[in-house]
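**Student:** Below are the chains, spelled out letter by letter.
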Amino acid sequence: MADIATPILGQEERRGFSIPGLNMFMTFARKKPLGGVAAVLVILLILTAVFAPFVARYDPDFIFKRENPNYERNPSFAQLAADPDIGSPITVDSFETPGWQHWFGTDKVGHDIYARVIHGSRLSLIVGLGASAIAVSAGLIIGVASGFYRGAFDIISQRLIDALQAFPGLVLLLLLVQVAEPSVRNTVLAMGVIGVPTVTRIIRSSTLVVQSTDYVEAARSIGATNTRILWRHIIPNIFSVVLIAFSIGIGAYIIFEATISFLGVGPRGVVSWGKMVQEGRGSLDLHPWLTVFAGLAIAIVVISFNFLGDAVRDVLDPRLRGT
Amino acid sequence: MGTYILRRLILNFFVLWLVATMVFLSIRVLPGNYASQQFAGANLGGVSSEAIAQAEKALGLDKPVPEQYVNFMGDLLTLDLGESFRTRNSTWSELGKALPYSMELGLFIVLVGFSVAIPVGVVSAVKQDQLPDYILRGLAISALAAPVFWTASIAVIFVLEWDLIQINVTGQPHAWEDPWGAIQWYMIPGFVGGFASTATVMRLLRSELLEVLRQDYVRTARAKGLTERTVIMRHAMRNAFLPVLTVMGLTLATLISSQIVLEQMFNIPGVGRMLFRSISLRDYPLFQGLVIVTTFVIVTTNLAVDVLYGFLDPRVRLS
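Sequence order for the protein chains is A and B.
Residue 55 in the working numbering sits at position 55 of the first sequence, with consecutive numbering throughout.
Quick note: to get the working numbering, add 323 to the position in the second sequence (first position is 1).
Honestly, the hints are just simulated from the structure, not real lab data.
Just so you know, even glycine gets a beta-carbon here, dropped at the ideal spot from N, CA and C.
It is possible that some hints are incorrect.
[Unchecked claim] Selected chain A positions facing chain B (in silico; Cβ < 7 Å): (1) Val179; (2) Arg281; (3) Thr291; (4) Val315.
[Said to hold, decoys possible] Straight-line Cα separation of at most 25 Å, BS3-like style, residue types lysine-lysine; simulated pairs: (5) Lys450(B) with Lys547(B); (6) Lys450(B) with Lys32(A); (7) Lys450(B) with Lys31(A); (8) Lys65(A) with Lys32(A).
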């Protein structure tokens, strides 16, 4: 009796310590090592964004000051003309080179760049996930509706989608973000809208494929209602496509946000990596750290999301299984 | 075939009308118009609302929107795109000035992009899941991930600091006027844009090749004792290349208007920069005209590519 009971107990004990989903993740990581690394980076990014105030060391908007080395008690007009700050004993700690106190240096107005890079992850993450979620949910509804019910709705919505897709994406985005105040919420909404056509197309065509399968035919012939076919057969079967569209889109939206911030029409009042690159670009030869770290942050985050998206697609897309 | 093309042409016409309407409405939804935007800078002096109203009247902005729409559509039917609010030149002549620059940059980008993407895609497919494949794919995805404005900024500094090439350009030369000057001018944006565009093409070619390499006729070709080189170049590439050709056409069509960032950064007076400025200035006719023409180019290229596809690949039946 005891001989049989012990191993079972042991197993249960081990199960008690495991992190939920860890086994699934390990299988995924073993199959797609690049995807596994990317997934870890994405999780790190999410943690960084959530715990930004603790990771950042300083407030991103805090202006660092230092003693003015050129301080003159009673400067002459000529001296003041050459250096307007000469009369004040304390000045802004601008363009500090990267070092122990400021890991990534400071910018023109004395902000700590490390703190700003860390806080910038919040905007990128919100924009990437938010816009992709909007695009995918709208695309799912429109795509399934027009693929499943066909008819007039399909024809009209597809022409509208054609028109939206023929519109140059960045132009549409530049228009949309200027319609209202360029806040984070409006930027996310605008980017979600420009993603809708592509997602709708993908989902519509996979709906058409699923709809012509034998099992849908079978369900129909035993008298299943449209609603039942839709929820029990169509949507579960295109779900992997939805997930792929969602994960592939994120990186593109992050680049889009950085681009419009770089062009000066991005969301106001928040730290944006794109804006940081723009601010440092003029003096890149003198103070490269203003631009380099923000740009690297964009690149690493987008690479991670792209690799993760690719791996998700490879695992979920049956056509690519085994490649 | 004939009916197919006719049907597509009618559809394209409809899509163009939709785009024209969207363009017309969307630019008017933006707060402010050209007149108020012009005086916005001079607001400190206290511009009277009469001055703005007068400017609006001169530009025809005082008319009700439906009337403006009817006029716009009427003009559009006679291919009259109106004249730019700012320069008072016709939109067509503005486009005529900007388009060559965008085309030159676009061609440069496509040439660089494809001459990198094609060999990389082939190697990556042939050496699937081996070290070269991983390295090349990693590089391609990095090129896709790094924002164009960032790589361009850094490329400029490298070129300036290390004197990699002598950039000695005066004015804004066209390729047919001063070929060497134009090449120098487009060098950095062309290479940066080209590398950024490689990833899409390279991945497409790789996946197409992988699919083709599993086909029976490739096995037959190998069994016949053909060299691997002949198998890939003669049998696999010919079939894998078609989708790539499609993408090539479309890339060129979209490149005309999509290089806003590079044109803005490198002061290239192309269509992208003109579009960007026309939005911020609320230059309605110029913006409308530019978007409608670029959309026309994209839609027509799409159709041309699809028709060509039917000729090149007998398996594809147009219906």
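**Student:** Could you run down the list of hints and mark each one as holding or not?
**Tutor:** Taking the hints in turn, this is what the structure says about them:
no., hint, verdict
1, Val179, "5 Å, holds"
2, Arg281, "5 Å, holds"
3, Thr291, "6 Å, holds"
4, Val315, "15 Å, violated"
5, Lys450(B) with Lys547(B), "22 Å, holds"
6, Lys450(B) with Lys32(A), "17 Å, holds"
7, Lys450(B) with Lys31(A), "18 Å, holds"
8, Lys65(A) with Lys32(A), "48 Å, violated"
The structure fails to meet hints 4, 8 from the earlier list, while all remaining hints are met.
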